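The listed protein sequences derive, respectively, from chains A and B.
Heads up, the first sequence is in the numbering used here, so the first residue is 1 and it goes up one at a time.
Heads up, the second sequence is in the numbering used here, so the first residue is 1 and it goes up one at a time.
In case anyone wonders, no lab produced these hints; they're calculated from the structure.
Just so we're clear, the structure is a prediction, and the values are computed from it rather than from any experiment.
Wrong hints could be hidden among the right ones.
Stated by the list, open to error - Cut-off 16 Å, straight-line C-alpha distance, at most; resulting in silico cross-link-like pairs (EDC-like, lysine to aspartate or glutamate):
#: 1; chain 1: A; residue 1: K62; chain 2: A; residue 2: D50
#: 2; chain 1: B; residue 1: K79; chain 2: B; residue 2: D23
#: 3; chain 1: B; residue 1: K79; chain 2: B; residue 2: D65
#: 4; chain 1: B; residue 1: K79; chain 2: A; residue 2: E78
#: 5; chain 1: B; residue 1: K79; chain 2: B; residue 2: E108
#: 6; chain 1: A; residue 1: K262; chain 2: B; residue 2: D118
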Amino acid sequence: MTTTPVPAGARRRAVIATPTRLGRAGWLAVAGVVSLMVVLVGGIVLGSVDLAPSTTVAILAKRFLGLDLGLAWAPTAEAIVIDLRLPRVLTAMVVGTGLAVAGATFQALLRNPLADPYVLGTASGAALGAAIAVLIPVRTLFLQFGLVNTLAFVGAILSVTVVYKLSRKSSLSPLTSLLLTGYAVGSLLSAGLAMAMYLSGTGLRQIFSFLLGGFDGTSWARLAVAAPLIIGGTIAILLRARALNGFLLGEEAAAHLGVDVKRERVILIALASLVTAAGVAVAGLIGFVGLVVPHFVRMLVGPNARLVLPISALFGASLLAAADVVARMLGGVPVGVVTAIIGAPFFLLLLRRARTGYEL
Amino acid sequence: MIAPALFADGVTVEARERAILRDVSFSLDHGERVALIGPNGAGKSTLLRVLAGILRPAAGRVLLDDVPIATFDRSEVAKRLAVVPQQTALPFSMRVEEVVALGRLPHEAALRGARPSDRAAVAAAIDRVGLGHLMGRDARELSLGERQLVLLALAVAQAAPVLLLDEPTVHLDLRHQVEAMELLCDLNERDGTALVAVLHDLGLAAHFFPRLVIIEHGRIIADGPPAEILTDERIRETFGVEPALVRLAAGVNGG
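Taking the hints into account, I'd like the entire structure generated from these sequences.
See below:
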């Protein structure tokens, strides 16, 4: 057949269109790495105890590169940099990476722009687990984590599993059923959480501090437990970008495009939930990072998961570590409060700038 | 004898105790093109989904290149068989060429992503369907008809030897309906793509397809050239319209 006449400019645009977004993705990746570096240095230099940037750099150079820059410092300065601030910044980065990637995964998989890492009940499961841990008078350590962290992890994983299993009993479409089941189970668990908080008495503050999230309890030992789960899960998700792209047109179209829908769906849900649960166990419930970052990235580079996932990882890491610095500067405000205060207006701005409305 | 490209063998599909397809057998040769016609609810789309291997029949089986389709990996099926998906709402803003590029998913390496050959196939598909002027546009801002053409281009980019289409022209204006039909004929005759298209327009079906299959109440009731099977009696009985309405559009003087 003779195709309809192609306007003169069309072909030239055809060549340019894709590289523009790829090029933008490249710049964005560079910006992400630079901001990561800036936040890393800023996160170590800034804090309640004043340390000169030169001292900080000298301590790090001595410790990791074996270089002596000819500066002297107090032993406490070294302890602050190496044992407190460095693991704290790195933990915030790892958790931010996980939340952003898990959010991007759930948004693409559930085809729902409102999805975040907590959409399938992870948050309420973790919260209830943490609250129960506060109520139990036992104090024990498990892999360097307290009972609160451990039960939060278990609660998150359990509630996603329950949501997934229950959703399969419904005759609704799998995605609708997952979302609605997630909502219903989440509400039930929230009722449990409210009850636990009501009964908690003096433990209330501890439950609240978990709900708001933060990095006060971080240490190298905890990072060593959480990081492999989060980074491993994130890499495994990145490797499934092709399947995630298939889901953009819906599950049936994904099957036509060669995606083993049932298998990929359960694997992606499991990985994103694992990453989320590990992040929640370390840092509590930190909102908005997993919702806002993927939207921001998608608006700039389009919905291709091969670009969205890695760039979201970079910016999620920077954003959460930066938010933690701000929280520390403000004298220990919970990080979840900072991310909400930064995230919500930013999200509203994104919504205003989006050219077309979201279809739900 | 060469095995057919796609073969449904005694397929029965049931939903809630009700048979949607009953013992349907259908064979599509390499390089053939067939229109599936029949009234609403006859089971045409269900047959298409069974042929695509995404709906497992209660009885019977489907062979793709002489191998049971259920034994293939989905990605292997997608290299051999493309489906023009029905309209779906896109959850995120997506450019036309990004939607079309999804047709290359089955050919992409898991890690590397799109290669230059994939990008060339996407550009060629866009050109062939005549969508060059829509490049760079948000696919969600397009009209229903334009979106239908985008999905057609996606399936063309997939470049599979078998192509299944479910009412590919339903939202198109008359000129684009004819152009889409001409494109299908071109894919069939020049590239040798075997086609099965569910169509509602008997005129288009009779004019552009040398073989029609009529489905009614979950059974194939006729299978053959339009002039032989699209009799006046059949048009009245199965489709409930006056034959003159169909003849006028099709220019077929059968019956």
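Between K62/A and D50/A, does the CA-CA distance stay at or below 16 Å?
Violated, because 20 Å separates the two Cα atoms, which is more than 16 Å.
K79/B and E78/A were given as a pair; does the straight-line alpha-carbon distance stay at or below 16 Å?
With a Cα-Cα distance of about 59 Å, the restraint between K79/B and E78/A is violated, given a limit of 16 Å.
Between K79/B and E108/B, is the straight-line Cα distance small enough, at 16 Å or below?
11 Å, holds
Restraint status (C-alpha distance of K79/B to D23/B at most 16 Å)
Distance ~28 Å between K79/B and D23/B Cα, so the pair is violated.
Holds or violated: are the alpha carbons of K262/A and D118/B at most 16 Å from each other?
26 Å, violated
Given pair status - D65/B, K79/B, alpha carbons within 16 Å
12 Å, holds
In summary, the structure is inconsistent with hints 1, 2, 4 and 6 from the numbered list given earlier, while agreeing with the others.
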